[in-house]
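There are 4 protein chains.
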Amino acid sequence: MTTRIAIIGASGYTGGEALRLLAMHPRVEVVAATSREYAGKPVAAIHLNLRSVLGTMKFSELNMEKIVSEAELVFLSVPAGVSHTMARRLVEAGVRVVDLSPDFRLRDPRLYEEWYGFTHGDPELLAESVYGLPEIHRDEIRNARVVACPGCNATAAILALAPALREGLIDVEHIAVDVKVGSSEAGRQPSQGSHHPERANVIRPYEAEGHRHVAEVEQELSLLCGKRLQIAMVPHAVGNVRGALATAHVWLSDSLDETTIWRAYARHYGKEPFIRIVRSGPVKYPDPKYVIGSNFCDIGFAVELSRRRAALFAAIDNLMKGAAGQAVQCMNIMLGMDEREGLNMLPISPV
Amino acid sequence: MTTRIAIIGASGYTGGEALRLLAMHPRVEVVAATSREYAGKPVAAIHLNLRSVLGTMKFSELNMEKIVSEAELVFLSVPAGVSHTMARRLVEAGVRVVDLSPDFRLRDPRLYEEWYGFTHGDPELLAESVYGLPEIHRDEIRNARVVACPGCNATAAILALAPALREGLIDVEHIAVDVKVGSSEAGRQPSQGSHHPERANVIRPYEAEGHRHVAEVEQELSLLCGKRLQIAMVPHAVGNVRGALATAHVWLSDSLDETTIWRAYARHYGKEPFIRIVRSGPVKYPDPKYVIGSNFCDIGFAVELSRRRAALFAAIDNLMKGAAGQAVQCMNIMLGMDEREGLNMLPISPV
Amino acid sequence: MTTRIAIIGASGYTGGEALRLLAMHPRVEVVAATSREYAGKPVAAIHLNLRSVLGTMKFSELNMEKIVSEAELVFLSVPAGVSHTMARRLVEAGVRVVDLSPDFRLRDPRLYEEWYGFTHGDPELLAESVYGLPEIHRDEIRNARVVACPGCNATAAILALAPALREGLIDVEHIAVDVKVGSSEAGRQPSQGSHHPERANVIRPYEAEGHRHVAEVEQELSLLCGKRLQIAMVPHAVGNVRGALATAHVWLSDSLDETTIWRAYARHYGKEPFIRIVRSGPVKYPDPKYVIGSNFCDIGFAVELSRRRAALFAAIDNLMKGAAGQAVQCMNIMLGMDEREGLNMLPISPV
Amino acid sequence: MTTRIAIIGASGYTGGEALRLLAMHPRVEVVAATSREYAGKPVAAIHLNLRSVLGTMKFSELNMEKIVSEAELVFLSVPAGVSHTMARRLVEAGVRVVDLSPDFRLRDPRLYEEWYGFTHGDPELLAESVYGLPEIHRDEIRNARVVACPGCNATAAILALAPALREGLIDVEHIAVDVKVGSSEAGRQPSQGSHHPERANVIRPYEAEGHRHVAEVEQELSLLCGKRLQIAMVPHAVGNVRGALATAHVWLSDSLDETTIWRAYARHYGKEPFIRIVRSGPVKYPDPKYVIGSNFCDIGFAVELSRRRAALFAAIDNLMKGAAGQAVQCMNIMLGMDEREGLNMLPISPV
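Residue numbers (this note's numbering), protein chains in the order written: chain A, 226 to 576; chain B, 226 to 576; chain C, 226 to 576; chain D, 226 to 576.
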């Protein structure tokens, strides 16, 4: 008995990664993969890694009637501003939604105008949707009709900071999140900035003012510390294809010893199936290099008590724990399966 | 019921990849992982990708008594010149051997002096060992006591050429195999040449005279065409970490049409679980990029009938189909399992 | 006293590299840089490396009247099929032409239909134009009105093979040229294939049948050996941005000793200002890594007398000796300057 | 008339880069290049990019008598803890010193014990030495006997922050400097961490507690703002070979408008020959990609007045403005030459 899944917007990188993961998942079946641009073409003509894997599966046009009749759960892997017009049709037909776009991430509908430039068309459904970070919202995800998967930079930022905020360990007035991320984060559409000769070897700050993920990070961190906070956040494009590291530079709110901090992280993350706390070894801090191809998030930190400062790190594969892997993790929770089902692949190394 | 496996030499890249694969394999169990250099240290302190995965497994000293009492099959992941002194002890105790080193690849023991500079210590066992390329020696692998996994460059070279040679399609006097391979091929030991600033961005020919894999490639190709042949082979180090592409430049032995060539390849590889024939799409020829993390070998070719020449391509992940993946494939065959068991992971893309 | 230069098509990579080189050249002055796409925009808005360097220089529309009145020599850095319609207007006004496009490379005008798909519009001017490889055509370049700079892959292929062919050292029936080249070779226009996530880490054969540079390589090699020959040539895109290596796999025409071969290369290249013969050291063969940023071509080879085969290598920076650097070298010769003027920059390493 | 220069420790990356730059410099001559490890070997056998360039120059043993008799100025390109024992011998013989090591960077000799673990042997000479950042100490450099070139990460950090501190624009209690840097920064010695398969594709924090450059950055920034300050600083190794970017996350000390900030930077850097202020274009913020191969430092920033925060960026080539280029710039100042002499090479792009 498998659950029938459809992927709307399956030709991009998160859609392709979802296809790859679901094709290996023992308890689900992909019944449709839509793409406006590539409808009618074999999936494997676009996702070359999937050659010979999906038989003759072709991308289809989006036909909502067909999808609600065939699928039990849908992945929405579409650009910002699309999902909010689609989700109601699905949930009213009893189809649950895992949304990889930002349309259901922000609790306050007005923020969509400020950060994304569109008016949210379904504030009611937004009100019941759940932010799909299992480490924080696992129980709500279980029964949600719409789960909004976090952005990749947001996933890393929040996971790096969550225990520190929950336990009041840091000065919430001065949090600087510096993110470094690979090129796959920006999706499958070529541009001058993504052209290989221009994109290789960059260390390029982008959206240093007003990065959209700031909104969801502030929302979630504010919830965790019970106080409206603001952060400084600057993402940087680096030469990798995959991988994201968030370095949160923080000042300690009180004189702590390092053990207290470790204990806080161990308490919050000790039982998490996809979080690994890193504190020793030849590479002493988390590095996305060692999670590539897996759903792991490696967490670690550096503390200088003499300066009352710390750096909190979270390393992920941006297409896995930062996108499709987390979506499958949420799906597993929604379907009452073991959260790790179909996600047991170990990181590839070296790569 | 799982089969008990030991890995001798588990701290290198092929050993680490074997550990990763066997940890995900549903029907085997790793009972020992030896390392002279790291005995006593946690496996995850060396293979950082395996953090939290193998529990508290530590590298152990090599204790042959213990291994023959605990393991049913052993992976030998050791440098050239070591396995030939170890294998007999194992097989006499009824333990089967998958050797990832070159010690059992060459049928003629005298070739070890010429190519590897040591005198083979066990010509008798060599005589019964099998070259572990399932696409060519599947039936012999099934019951072999010692299977010698091919080198990564050799795997790509042979798979690119095999059907053409079997069917007499090309001039065997003029075969030039140009290989490009990533840095993981050279193993885990740092050197001046592998130092990142020196190794990044190279397009560096190496062993352009007397590359050791030439010996096994000539052996296997000669067997396939029934005639002693010699090849020209030059490997090139390129900037990748993983991936190998063999480009065999050949001249066609007769006026063929392209269909004949396709049919020959389809006939020989059509049912192979890990070979994919590539003939179209935005990337028209095989590229290791699209097999990374999997055991696939992508095969393709370009034909210029007007010049009576062709280029035959084979693309692999050098640590998977070129090493540990192929070793697991051989193990599955030896143990009578489905050949794909534990090897169903799809290539990661983009990466 | 400086010579006035115009660059037509200055927004691409070869145009940008020409701008960079000419801006550092002590005896020339760039008086115009045209670009249809970016006319009116500051040059430094496109070529970010040239920020603050060229003052307020802007790209201009192509105005042939203005160019012939202002410039003494013109670089044509335009796509195939454009120069042949422009060059006459320039030379008739007494303006000399260094063409970086393929329009004046092939002696036989009919070949343009076969290889490039257009009918050459000026066979007469073609007849007097000179193939701009100074190591072979230095004397003709001196007084040429139109010099056609070779393609980057062709430059490497020809320089690797020239002495061997001139001296009849190899079997001309079986020459396989395997080229590996970085992404800047394909120019500044984004595409799906050049999108960073798709282009990074590739080892991707392209144009394996009918690569356009084959035509000019065969032309020049045939001239050198005095016999119409054909080659097998396959370029491969690799992950670098810059750099090209040609590996020519050849069979020796006679039993030679290695010294004879070295002597042939030393004789032909010993006085060449931009050719370095590589025969020892930690990196024993040429690698483009060590010529990046310079106009050098490193030449070397591997010989296996027992197999009567050799590999001949040439390594270049594809935008320097493979394009703009060679164009400046030709310009220097045409203007009667020291050939090295403005080209004395040493390779950057490590990079 | 050229000035005679010796390089002590010329086999490493900064030494090699100094050799390359001095070989192209029109007004100096390298009379000795020492190396303990490679004494007697041709320089070009180690620095492969310099093949054919330096004639037959060989590395020599360090012979202080010979150096003081032959050289007028010496570059010390040695590990920490060596220069402080050598410099006096040189200056007393009238030889001026450009030290690329940290031994003369910190004004307070006691800091060497704390940060470097050795007792400074020459506090007197330390007292007169000058921190070799021309943008801050140009006048003192002119007549200094010992100039201590800054570390690469320190150069970027200080140049990003200097105008903001000088003009009191930011909260000096909360400065977080996040640095990303390529592998050449760590020098020429291979290690497990620099082994290509392990070092490629990293986003690896290192020395996140107690990075040694913190000492010099705090020293210089404290001088600029007239107040003892402390910073949070975390360097990250990224996959590049060359390039460093410092991102300083700061909070604005007062409600400023963006123009005030631009003016401060323009005022301090407007006439600097090697600083370029970046504020627009397709890549809006500084990226080391566009300074590679040059001595430029690109400076820029992002301001969010609503959050009273800013990010200040500085991008350099770590071996040029971050090491040997800056050393040559200091040398030029010391010798009364044009500061740009021999440093007019433009950034290579794309690379």
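Incorrect hints may appear among the rest.
Which copy is meant is left open, so a pair is good if it fits within one copy or across any two.
Stated by the list, open to error - Keeping only pairs whose Cα atoms sit at most 16 Å apart, straight-line, the calculated EDC-like set for lysine to aspartate or glutamate is: (1) Lys496 / Glu360; (2) Lys509 / Glu432; (3) Lys509 / Glu434; (4) Lys509 / Glu286; (5) Lys266 / Glu286; (6) Lys452 / Glu353; (7) Lys452 / Glu392; (8) Lys496 / Asp364; (9) Lys452 / Glu564; (10) Lys283 / Asp479.
What the hints contain is simulated information worked out from the structure, not anything from laboratory work. Since this is a predicted model, take the numbers as computed values, not measurements.
Quick rundown of the hints versus the structure:
no. : hint            : verdict
1   : Lys496 / Glu360 : within (10 Å within a copy, 44 Å between copies)
2   : Lys509 / Glu432 : between (29 Å within a copy, 9 Å between copies)
3   : Lys509 / Glu434 : between (31 Å within a copy, 11 Å between copies)
4   : Lys509 / Glu286 : neither (48 Å within a copy, 26 Å between copies)
5   : Lys266 / Glu286 : within (10 Å within a copy, 41 Å between copies)
6   : Lys452 / Glu353 : neither (22 Å within a copy, 52 Å between copies)
7   : Lys452 / Glu392 : within (13 Å within a copy, 33 Å between copies)
8   : Lys496 / Asp364 : within (15 Å within a copy, 46 Å between copies)
9   : Lys452 / Glu564 : neither (31 Å within a copy, 53 Å between copies)
10  : Lys283 / Asp479 : neither (58 Å within a copy, 39 Å between copies)
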